[in-house]
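**Q** Just need the whole structure built from these sequences, with the hints factored in.
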Amino acid sequence: MTDESKFILRLKDPKSKEAAFRELLQLYKERLYWHIRKIVISHDDADDVLQNTFIKVYRSIDKFKGESKLFSWLYRIATNESITHINKNAKRLHINNEEQKTYAIDNLTADVYFEGDEIQLKLQQAIASLPEKQQIVFNMKYFDEIKYKDMADILETSEGALKASYHIAVKKIETYLTSN
Amino acid sequence: MKKGNLHNINDPGFKTPENYFESFEENFMKKLEGTESIPNLNDPGFTVPKDYFNLVDDEIFNKLNKDDTPVISLNSRKPVYYIAGIAASIVLILAIFINKPFGDEISVEMVEAYLEDRDLSSYELAELLLDSDLLEEDFVITETSFEEDNLESYLLENSEIELIIE
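Protein sequence lines, in the order shown, are assigned to chains A and B.
FYI, the numbering for the first sequence is 1 to 180, going by our numbering.
FYI, the numbering for the second sequence is 181 to 346, going by our numbering.
The set of hints was computed from the structure by calculation and includes no laboratory data.
Be a bit skeptical, because a hint or two may be false.
When the alpha-carbon atoms are kept at most 30 Å apart in a straight line, the in silico DSBU-like pairs for lysine-lysine are as follows [to be verified]:
1) B:K243 - A:K65
2) A:K63 - B:K258
3) A:K17 - B:K243
4) B:K243 - A:K56
5) A:K29 - B:K230
6) A:K141 - B:K230
7) A:K88 - B:K230
8) A:K133 - B:K246
9) B:K246 - A:K12
10) A:K6 - B:K243
11) B:K246 - A:K122
12) B:K246 - A:K91
13) A:K17 - B:K230
14) A:K12 - B:K243
15) B:K246 - A:K29
What follows is a set of in silico ranges between Cβ atoms, one per label pair, in the way DEER data are often shown [to be verified]:
16) A:L9 - B:S203: 47 to 53 Å
17) B:P197 - A:F7: 52 to 58 Å
18) B:A267 - A:F64: 37 to 43 Å
19) A:K91 - B:V271: 19 to 25 Å
20) B:S203 - A:T109: 40 to 46 Å
21) B:E202 - A:T157: 33 to 39 Å
22) B:P229 - A:H94: 29 to 35 Å
23) B:P229 - A:F64: 36 to 42 Å
24) A:D62 - B:N279: 49 to 55 Å
25) A:A19 - B:I273: 55 to 61 Å
Being a predicted model, the structure only gives us computed values, none of them experimental.
A virtual CB, placed ideally from N, CA and C, is assigned to each residue, including glycine.
**A** Shown next, in the form of structure tokens:
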């Protein structure tokens, strides 16, 4: 039995669940936070989504059958929760997702938890101009350096499609940066 | 050169441009500087509040230990859709049963009562009859023949001279 399988068993066992879950938090909270933050932009939203993600993981760990890696499953939940959060915000403001993201980026300069310089802000604006899926692929590849094989598992998309998506995203960002 | 002895051929035969290795380091450093001209591009620029990652664990466990009953949102539209669907089904079922034609269930007594109620004259009833309804076998012909006197008085009382002339 692999280490991961043993860990999953401990997460499912009511006697060891809490202790194992605390270990899970230590292992993954920062990585998941930054993944979420790059999608939702603001710290407060990222905090909400991170907590929702782990609550969901805690409540549905029994349903996890180990068909994918634990890490991929966690990332998948975090990605879906992030998108749901953006959808909710957009609906509340009566705007679409793209407008909501642009609105969040426009507020970055006033955000206490953004210390980026001009080029970093421009890069966020460039990323926000991409379709949602391309944004996620770009962030995961460029900032998190996640392998395409793992990304395919997380996003349930073929490696070929992801590579094409990333390639197109890079071209669009380069165009955006050079023309702005 | 000796032909065909493979173990004597040690040189793969490739060549490099002139001064390639001498200028390699210089060219490489230039390229490296090129990528460094956009500093911080690998860092998205986001920061977090101090001690955030130390405190978030407890926040998550506090939420998990709270009431585990599922929260039903008051603003959820799902119950409204379910109720609307059920109401529509009930209305549809009622509409089908109320509008169902009585057909075989109408009794002769009901028809007679209706006709009496309507107070139809024999002329109006006659208008409603089709030729196909008037079958000879339905009429009972009595042996009584009309007496001429009776016929004359009937015609005088019930007809108009214009119709007789026509």
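**Q** Work down the list of hints and note, for each, if the structure agrees.
**A** Status of each hint after checking the structure:
1. The hinted pair formed by K243 (chain B) and K65 (chain A) meets the criterion: a straight-line CA distance of about 25 Å does not exceed 30 Å.
2. Proximity of K63 (chain A) to K258 (chain B) is assessed by CA-CA distance (about 25 Å); at most 30 Å being required, the pair is judged to hold.
3. Note on K17 (chain A) and K243 (chain B): the hinted pairing holds, with a Cα-Cα distance of about 16 Å set against a maximum of 30 Å.
4. Simply put, K243 (chain B) and K56 (chain A) have alpha-carbon atoms about 11 Å apart, close enough for the 30 Å limit, and the pair holds.
5. Proposed proximity of K29 (chain A) and K230 (chain B) is supported: the alpha carbons are some 15 Å apart, at most 30 Å.
6. For the proposed pair K141 (chain A) and K230 (chain B), the alpha carbon gap of about 27 Å is at most 30 Å, so the pair holds.
7. This hinted pair checks out: K88 (chain A) and K230 (chain B) have alpha carbons roughly 28 Å apart, not beyond 30 Å.
8. For the hint pairing K133 (chain A) with K246 (chain B), the CA-to-CA distance comes to about 35 Å; that exceeds 30 Å, so the pair is violated.
9. Annotation: proposed proximity of K246 (chain B) to K12 (chain A) holds, straight-line Cα distance about 20 Å (limit 30 Å).
10. The hinted pair formed by K6 (chain A) and K243 (chain B) meets the criterion: a straight-line CA distance of about 26 Å does not exceed 30 Å.
11. At most 30 Å may separate the alpha-carbon atoms for a hinted pair to count; K246 (chain B) and K122 (chain A) exceed this at roughly 42 Å.
12. A threshold of 30 Å between alpha carbons decides the hint, and for K246 (chain B) with K91 (chain A) the separation of about 28 Å falls inside it, so the pair holds.
13. Annotation: proposed proximity of K17 (chain A) to K230 (chain B) holds, straight-line Cα distance about 29 Å (limit 30 Å).
14. Of the pairs offered as hints, the one joining K12 (chain A) and K243 (chain B) holds, with about 19 Å between alpha carbons and a cut-off of 30 Å not exceeded.
15. Between K246 (chain B) and K29 (chain A), the direct Cα distance comes to roughly 21 Å. Compliance with the 30 Å bound is thereby established for this hinted pair.
16. About 59 Å separates the C-beta atoms of L9 (chain A) and S203 (chain B), a value inconsistent with the hinted range of 47 to 53 Å.
17. Checked against the given bound of 52 to 58 Å, the beta carbons of P197 (chain B) and F7 (chain A), roughly 55 Å apart, stay inside it.
18. The hint said 37 to 43 Å for the Cβ distance between A267 (chain B) and F64 (chain A), and at roughly 40 Å that hint holds.
19. Taking the beta carbon of each, K91 (chain A) and V271 (chain B) are about 31 Å apart, not inside 19 to 25 Å as hinted.
20. Under the hint 40 to 46 Å, the C-beta atoms of S203 (chain B) and T109 (chain A), about 44 Å apart, fit the expected range.
21. Our hint of 33 to 39 Å for E202 (chain B) and T157 (chain A) is violated, since their Cβ atoms are close to 47 Å apart.
22. At about 30 Å, the beta-carbon gap between P229 (chain B) and H94 (chain A) stays in the expected band of 29 to 35 Å.
23. For P229 (chain B) and F64 (chain A), the hinted distance range of 36 to 42 Å is not satisfied, since their beta carbons lie about 31 Å from each other.
24. Remark: the range hint 49 to 55 Å for D62 (chain A) to N279 (chain B) is upheld by a beta-carbon distance near 52 Å.
25. At roughly 56 Å, the beta carbons of A19 (chain A) and I273 (chain B) sit within the given window of 55 to 61 Å.
Hint compliance for this structure: hints 8, 11, 16, 19, 21, 23 are not met, and every other hint is.
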